[in-house]
Each structure stands twice: as C-alpha cells, then as structure tokens.
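Take the sequences, apply the hints, and build the full model.
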Amino acid sequence: MGKQLRVDPVACAGHGACAELLPELVTLDEWGYAIVADQPVPRGLVREARRAVAGCPALALALRRVA
Amino acid sequence: MTGITHTTALWYASRATGVVTMLLLTVVVLLGILVNRQGRLPGLPGFAVTGLHRNVSLLAVAFLAIHVITAIADPFVTIGLAAAVFPFTAGYKPFWLGLGAISLDLIAALIVTSLLRARMSRRAWRAIHWLGYAAWPLAVVHSLGSSADARSGVVLGALSGCVLATAAALAWRLSQAAREVPRAGRAAAVLSRLPARKAGL
Amino acid sequence: MTGSLTVPNPPVTAAPPGRGGDLPRLLPASGAAPVGLRQHLDAYGALPTARSPGRLLREVAAAGLTGRGGAGFPTARKLAAAAEARPAPLVVGNGAEGEPASSKDSSLLWISPHLVLDGLQLAAEVIGSPAAVLYVRRNQRLHAGLAGAIAERAAAGIGAARVDLVQAPDRFLAGEESAVVSRLTGRPALPAYRPVRGLPRLAPGRAALVQNVETLAHLALIARYGAAWFRNAGTAAEPGTMLVTLRLADGRTSVAEVPLGTGIAGLLGLEPAAGHLAGASVPSAAGPVQAVLAGGYHGAWLPAAEAAHLLMAGAALRPLGASAGAGVLAALPADRCGLAETARVARYLALESAGQCGPCFNGLPRIAAALEHLAGPRPDHRARADLKRWAGQVTGRGACHHPDGSVRFIRSALRVFAGEAGLHEQGRCCGTDPRPFLPVPAARPASDADWS
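Chains as they are written, first to last, in our numbering: chain R, 1 to 67; chain P, 1 to 201; chain Z, 1 to 452.
Hints listed in this document are in silico derivations from the structure and should not be mistaken for laboratory results.
Just so you know, even glycine gets a beta-carbon here, dropped at the ideal spot from N, CA and C.
Incorrect hints may have been included.
Examples of chain P residues toward chain R, derived with CB under 10 Å [as the list claims (entries may be wrong)]:
#, residue
1, V35
2, N36
3, Q38
4, P45
5, R117
6, R126
7, W130
Chain Z is nowhere near these chain R residues, computed Cβ spacing over 10 Å in every case [what the hints assert, rightly or not]:
#, residue
8, G2
9, K3
10, P23
11, E24
12, A37
13, P40
14, P42
15, R43
16, G44
17, L45
18, V46
19, R47
20, E48
21, R51
22, P57
Here it is, written out as structure tokens:
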C-alpha cells in the first residue's frame, strides 16, 4: 500500500512552492500550475511529500493512500 | 494604577514581550498578505514566504505566552489565568485586557486550525483564518489601552509603524483583488490577449 | 427552443408499446404536441408503484439500461449504490442539456414529461427518497409546461415524492454531474474536483443520484413492460432505444428515437456508392457530406465514407475515438471548411471554461486561437506544434472532463481534415460556403452570475 500525491486543480493557483520542495515528483506547466507525477511516492520521499503538502498555501496538494 | 512605576521584573517582561508580540503579529499579517498574493521575498525561494509566515506566527505565540504568563505571575496586579482567555474578567483594567483576551482566543483558533489543516475542509479553515484580520487590530487597541508606555516614545513609534505598514499592505491587497478577473471571465481574458485571426477563406 | 421537435417521417410503426420492439417508445407515433396526463395514462397505463424496489432494480439490471446522458454508465449499478446509501440520496433528473447541438432532452421533456416524471418517482421509490428535483435547461415555455405537468400529477395524487423544478444556467457545463449538485446547493453550477469516484455529494453525509431525463423515461417503461421487452430493440451488448439529435447536410434538425446499433447512414440519409473512394464526400438526400460529427462537441469527427458504414453504438464508435454519447449526429456538408467549423466550436468551448483550473482556462483559449490560425490561409508552422503541446498539457488536468472532451474533438478534426489543412498551407481552401453550420451560441461576456 503506497501513497500517491494528488493536486486539486481547482485549488491550485500556481504558487509553485510544491515544485521547489519536491522537484522529483512535481513540475510546473508553462502557466505555473502543478503537474504531479502519476506514480506512487517512493518511500524515501514521503517526508518531503508531506512537507510539500503542508507548504502549499492553497491547500491544493494531498497525499492519498492507494492500494 | 497609572502613574506609579512598577519595578518588578515580571511587569517589565510582560510589557516588553507584549511589544515584541505586537511586532511579530504585524510581520505575520504582512507575510500572510504576501502569501495570498503569491508574492516573493527577494533572494528567497517561493516556499520561504509560506514557511516564514508559519514560523513567525509560532514565534509570536511563544512571546504571547510569555507576555501572558508574566502578567499573571506578577503579584502587583490581579490578573488570573482565566482572564487571559475569558474577556473582561481581569481584576486590572478589565476592558483593555479583555480585548487582548479576545485577540488571544482568535489567535489560538487560527493556530489550532492551521495545525489541523489537513483534517478540515478548506472552506472552514479559510473562514477561521479570516479572523486574523480581527485579531490583529484588537491586539493593537489592547496595546494602546493597557499601558501608558504604548502611548508615548519608542513604543508608540513602533506601534504606529505597525499600523501604517499593515494599512498600506491591506490597501495594496484590496486594490489587487479589485483588478482581478472574475473566474467566469478568465478564459475570455486569456483569449483576448492572444493575437487573433479570422478563420475561413 | 433549438431544433424542430419532429420525429422522422414516416414513423416506424404506430403500434403502442408493449408489442415487442415497436418504435417509437418514448415519443408518440406522430406529431410533436405534448402528451397530456390523460393521453399518457391511456397509452402507458398508471405509474407502477407498490412493486418492491428490489424487483425493479433486478429488472433494470436485466434490461441492461445505461445512462443516456453521454457517459453510458450502467443504470442498475448507480441505482443500487444509491439505494444502499444512508440517508437516501436526492434524486435529480438532469435535463440541463448544455450541448448546443443536442435537443433530445428538451424535446423529451416537452413532448413526454410524464414519462420522465414517472421515472423520477420510480427512482425515488427505489432509493427511498421523499423528494426529487427536475433540473432543466432555461426555457420559459418548457418550464411552464413542466410546472403544469407536475401540478397536474400532484393533484391526481400520482407519485409519493415531492418534485421541485430547478432551472439550469445557460452554460455548456451546466449539466455536468458535480455542477448540477453544486447548483442544487445554492452555489453556481461549477464542476467540482472529485478525487474519489462515487455518487456526488450534496453536503457532508448526503449524496445525490443524478440521472439523465431520457434514462428516467426508459426506466418508466421498463417498470411497466419489463427487461425482455426493453431488449427487443437494440443489440445484445447495447440494448434498447436512444434519442438522437440529427442535423442533416441541409441544416435541418430533428429528434428521433432509434434502436441502438442503427446504421448511421440511414439516420443521416447517406447514400454511399459501392467502391467509394475513402476521403471523398458521400452523397445524401440533403447534399454531399464530407464528415460526420458523432457525440457532440466532446465527441469526434469521422470521415463521411467511414461513418456511412458505422453503427450508432459504443462498440463501433469508441475504437475510433467517437461515442454514441448523448446521441448527437451532424453531417457536415462538402462545401464547408471543416477546420473553420471546428475552430468556431473550439472558441466556444474555450469561453465555456468554468475558469477554475489553470490548465483549462489557459490551454483551451490558446488551442482555439491556434486552430483559428490553422483554419486561415497560410498558417504559421508553429501553430500545429503549439496545438499539440497544449493539447497534451491540458488533458486530464482539469476538475472535469471539459479539457479532455474538447481536445478529443479538436484532435479528431486535425485527423479528419488533414487534407484541408494541407490546402490551407498552400493558401487554398475546400470550403466555398462561409456560413456557419454547427450551432454555436453567440459569444457574450460571462460573469459569475451567469453560472447561477
């Protein structure tokens, strides 16, 4: 059971903090909005992922459990 | 009680930490406006604005705690622990301290909800966070009314600076919001900025 | 009211339903006049209540009814999920029909409101909901007609659930499931981000069952005549009938009820000759046709020669990137420029963005502008590459399927009208008639109030 990072596209305002905190999994499109990799978060990055979720001022990121 | 100088260290500590708390709270409000407008601090990465806003607010809470505890501990004035959270119940200057208690309650709500952010709806969190705009002026008025120090000299200067800075930041924020394209018009705004060419033959 | 409300002439049969496979089922045999309560009861009998909800659910499952709103989800599964939810979800009949090229829901609601209302009552009964909502496209006459039908039924004591009539805002996305629910909670009809699939939430702890009005009408008939009767029409995999909105090459539109799996050629009057050249236009009674749009503005273009051999069924259309969807079929005349038509629609789709998700309200306008370039003479080489890049950046990154559907439609145009694009690069164009063909509402500035 892994964890998946998901972005709420309505809440995402293109702050870009997530891409700075977790460049391994988050990139920005040409308009500044978050593109989250569609793969489970590797074990070693879970802590960084939590920081990215906490660091989003728009509360747009979430770490979800996936089977 | 005014006009008598209190020489107890606790009393001085309370007033000093009060001033520092006020300054820190002002910085928190300014940083909060910057986060909301997606602003950047020169030389710092984007996530630093959010991080600073959060960390400075925790620092402010620490100083607020010392400010309250030293005031309660001071034997010269009768301020009980309850007066810190229940407004207008203090034995000394109940009205002005009461405003401080309200401000403290609101700040506590902001901090607690922000710590439990992941467990609540975004709308609820945002609604409570707006109370910050009430907590800050209450703290200012509390400062001015509770101690004669705040109404003269360096402290008055510092408080005035806080008020001016916040007023300017708020005015800027409101002017930005007024110029924002409403959601329904966003696609049209993007389209109108693009070079168009009539389709067809 | 968009489109005429006529059924195809001559009608298939005039026999009443119940006699295996006879059409039409949802609409009267002829004419477009509303069927009043008396006429409805004479034709179909009384609303079958007091049957056990479990039995109706099994009948619907056996019938294989799927949603007629475009997504085609098995209705029995949705009803079963709603029946299990506590408290009982609110039942919503979705007749918003935001698609400009579709008028089948409005026609159904105008002509056979009692079938839809019967279906609404039955769904409410199955899931145990005391209230239902009919959510309808903004139209004065239609609204008055429905209000009258609801009042008439209430006076006659038909149906236990209270039915509220709600007007949908005049927007393309007004009928999107989460937008419907948003509107019903008093907020604007904006699609919501739904990370977890399932019934949409009206409020914490309260869900909604949203069904297309045509699906409800079929439900009303299955409850009366059973699954076997329903399966008498259509194919084994896709049983039953569906309403389609047809736009022929001469611009005439009509709504017809057809069995699933009907040949598209027959519906649009295409007359493909044997040994037909692929890529050439296909003659039809209404004029030569170069391409067919299947599935509306989130569907796909098909070359006419190909479409002429296809059936109106998901099995035939999905491999080609199209769908039976909500039953929109439009035949593009040979004298129009397919790229210009698509560009006009693309601009409309961009402006209909809810403006909530960055990729959508940034990407779709740029894609539309690039398409406008391609539809003009000697387009910039970069336009095509940009379009491709933006299409990739936008797909799957919105809260709803508006960007995905729009990109599907536009990509199909680039495929089908590739020859046209080649001509444009040389400064030529196949189209001789500059008049717009596909229905696109006039652009008007949108304010947040327009979504309420």
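Of all the hints given earlier, name the ones this structure violates by number, lowest first.
7
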